[in-house]
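Listed in order, the protein sequences are those of chains A and B.
Numbering follows the numbering used here, in which position 55 of the first sequence is assigned residue number 110; successive positions increment by one, without gaps.
Numbering follows the numbering used here, in which position 65 of the second sequence is assigned residue number 66; successive positions increment by one, without gaps.
Since the hints were made in silico from the structure, they are not lab data.
Everything numeric in this text was worked out from a predicted model, so none of it was measured.
Take every hint as true, because none was put in to throw you off.
When the alpha-carbon atoms are kept at most 25 angstroms apart in a straight line, the in silico SDA-like pairs for lysine to any residue are as follows:
no., chain 1, residue 1, chain 2, residue 2
1, A, Lys112, B, Cys22
2, A, Lys112, B, Leu65
3, A, Lys57, A, Ala300
4, A, Lys454, A, Pro389
5, A, Lys454, B, Pro76
6, A, Lys112, B, Pro99
7, A, Lys454, B, Ala4
8, A, Lys112, B, Ser103
9, A, Lys454, B, Pro43
10, A, Lys454, B, Trp89
11, A, Lys112, A, Ser279
12, A, Lys112, A, Tyr268
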Amino acid sequence: MKPIEADVCVIGSGAGGGPVALQLARAGLQVVVLERGRWFRDADFVKDEIAECRRGKYTPDRRADPHVVELGRPGAWDAWPTHETGWDFWNGTLVGGATNLMSGYFHRLKPDDFRLRSVYGPIAGAEVADWPIGYDDLEPWYALAEREVGVSGRAIDHPHADRRSTDFPHPPLAEHPLAAAIDAAGPAAGLHPFPVPRAILSRPADDRGSCQYTGFCANYGCSSGAKGSSRAALLRRAVATGRCAVRPEHRARRVLTDAAGRATGVEFQDAAGRTGQVRARAVVVACQAIESARLLLLSAGAKHPNGLGNRHGQVGRNLLFSAAGWGLGSFDDPALRSPLPWVNRAIQDGYRLHLPDGPAKGGTVDFIRPHPNAISTAAWLGWQDGAPRWGADLQAAVKRFWARSHLEFEVFADWTPHADCHVALDAATTDAAGLPAAKVRVGRHPRNLQVVERLTELGVAMLKAMGATDLRTRASAGPSTNLQAGGCRFGDDATTSVLDRDCRVHDADNVFVTDGSFMPTGGSVPFTFTIYANAFRVADRIAAQLGAAQPTSITAGA
Amino acid sequence: MRAAAYVDAALAADWLDAEACAALRAGAAHLADHDFATLDAPARDAFLRPWLDGPGRPFYRAALPLLMEAWLGDPIHGGNPDGVVWAWLGHDPGFPRPASPS
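Using the sequences plus the hints, can you model the full thing?
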């Protein structure tokens, strides 16, 4: 197969790949995007819980494309292929990646999130580090990402409000009556609820439709184009420039480097199993944190004997997830019943906590309606206090659940960076292409659960202030596998990081990593928005390095 | 709800893991041995309670998700004929709906 020539080869088409492809194509560069999954269009996405949510339609079969998960404690780790467990580290293997399936909570990080070590000091047994950039460096790119992706929201003044240089580009989505109930109950509980920005269009824009309010959003592709996936919001426009080619069902095998250690291109395998190459002046890795670390480790070369960028053994270290908690309360007031799906309220009153051993970083509590998936809800109701519930009892429980109004909350807290949370290669376990699988060790710091428990109390306080009944909560020490970051920290010290402050590999100056891998700490909100914003920032640096025009001024409109 | 046919189809497909298949087959055999189908509702509950709290637990774990799929899934997959359960429940399945199983 003849090599494909390009200026830039982008591996992965999700939140890290889309902004780079769009900006560099706009800057006049020829871009090839390699995506291992299929290319679905808006019209392909349907509301079918069985096919979309229960049969892994958008993720590889773990038997053919395995991960290995290592669970346990220091000195006693047990390794399992994920298909023999409930674990799944794949999150969206399709053009646009997992952004197709996200909920689109677009909170920004806060200034303290960029300097956790300086503000709160070290945590024993943790590897907390400051970022090499600050909030003011990223703020213009958050603003640009809001315009390019299409974010709906409403800024209000509250004690934890972000400093914003621009207003939201789209008005907020229509809200369920529970939103007003939260606003009314907050002050009595000493809480300050605020509107949650969503990467969902509240009105048509740029050939994309507005939200259709079906509620089947998380875990589903969007059929109207309203959700700000990398596919609908960014890649579609990148392709329209005529300078960006998206190649679905192309699996990157390794980044190729020359004798000097610089990238010359990417070796891939297509759906027919044929191997080929993209030859490019720069390579951008954006496969989601676990797979990006794996690809770098698979990309050994003359100057990179232990994997690309791994001279100091940093690739794969300090993998991050999100620490998670959950709660649910129920209401019988008919005024709180509505088919509208969006509650769009959060509290960050616990973003700074005072734990017994001093001040600590807290997190965010988001309020949402339960997911409308009927099968998973009924299967959950099939257990009562751990015992089976069947027949007429189960029918009655399901009927009663549907007849009431419910409010859930989700806690997002920092995943404390930990030496025993990392990615390596498992030589004994290979994928369908014969390449070693990623082995993920999931070591947890006790701080995670401590913080989640405190934040869960705040969620409960809100539900109680609202008069909710039948309260249930769950604080989890386990990671949320759908939220992955870290593994290729950026930093100014090449011995303790993989990337420089522009997300360029320290010892391969034309290789960039633009998914969530760069994050030394993850913040207490979903990562997607920060990945988007940072990828727009890095795209500018790549354009400059390749001598291209500046793609889009960060002060100009979309 | 065509649940029996739904579970049979799942057992014949390739996505169900081996452990769940074995639990379903063993449980079905146990139910047949005790003429479960001929029991009235109170007798069924009296039979199921101790069994599901004990050796029948793996069967319940495997059967519950499949039975809920047959009960509340899109009719194109073989259960919930004409969406009769959705109508009973007042459940809105969203749109667009699938034209064929995929």
